[in-house]
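Asker: Each chain is listed here by its residues.
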Amino acid sequence: MRQNFQNRCRSRSIRFKTLVFRLVYSCRTECGNGTQRCFNAESCEAGHMRLVFEGPSARGIRACGLLSLLFLTPGIAALAQMAKPSATAREVLEAYRRMDLAGERLTADGWYRTSKFFVRDPDRGHGILLWKSSGVKFLRISQRSMATESRYRVGVRRRAGSILRGVSRFLYPHLRTPRAVSQNSVGEGRYAGRMHRWAGSTI
Amino acid sequence: MGRVYDLILTGTRWEFGPGLKGLREVRGAAEWRIDTFEPVPVISVEAAVQYLSRLLIIRLLQQAPICCG
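For the record, the sequence lines run as chains P and E. This note's numbering numbers the first residue of the first sequence as 1 and each following residue consecutively. This note's numbering numbers the first residue of the second sequence as 1 and each following residue consecutively.
It should be emphasised that the hints constitute simulated quantities derived from the structure, not laboratory data. Note that the structure is predicted; figures quoted are calculated from it, not measured. All residues carry an ideal CB built from backbone N, CA and C; glycine is no exception. No false leads were slipped in.
Chain E stretches covered by chain P per the calculated footprint, using a threshold of three residues with CB under 8 Å from any CB of chain P:
1. 26-35
2. 46-60
The following residues of chain P were derived to be distant from chain E, with all beta-carbon distances above 10 Å:
3. Asn4
4. Ala58
5. Arg59
6. Ala63
7. Leu66
8. Leu69
When you get a sec, could you build the whole thing from the sequences and use the hints?
Answerer: Here's what the structure looks like:
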């Protein structure tokens, strides 16, 4: 029983290899009975049938190329999707936090630069939050994956905060409009006017 | 006091067009990006002082009388 199974497997394996080989190489069966050339197995004497190989065939090679393209393309696309990003989620958030802490978003140019960190269309701000701690502390990190895209959740701790509006009103009561601050950059772009209004309402 | 950020691994981002006009959706290599937009800039004390000092200097320069020889 086992012997039969092994024999069947072996013959199937040989048949598959022969199929692939015949696809690439041009071959034919012929009767090897001396000068007699017949292509019919019944008319040939037993034991005389043989495969005659005539070298690689262009059609077979083309067919193999097409087949490999057909099977490999989805794999290549999947690999490209799985390519690792240049920075981890934490590094991206840290870079953004550093830029924000340094006051990048106080000017229109900085606003444009930080917009690359966001997925969606950034909306205008409503004020400035003064962060007394210059470091970035992470509360907790939890990662969850969705069906189509990966998500990463990072908590950032702020030790203390206060609205700059109150501080600046107390320290610099005569400063009302910051138009001159970003006059080099404000006046162009989508958020130029918004930036001015936003900053004006802050101080 | 804390804040939780949601980051998404996506190839879609927003980019300003030529001459910083018009915001358009661009597709490229997948990178981690912040999903939730933070409308309020959070700045350090040093940055705030620099910002206000700059405002003050510019305001003083604007109010200074034009001197002519």
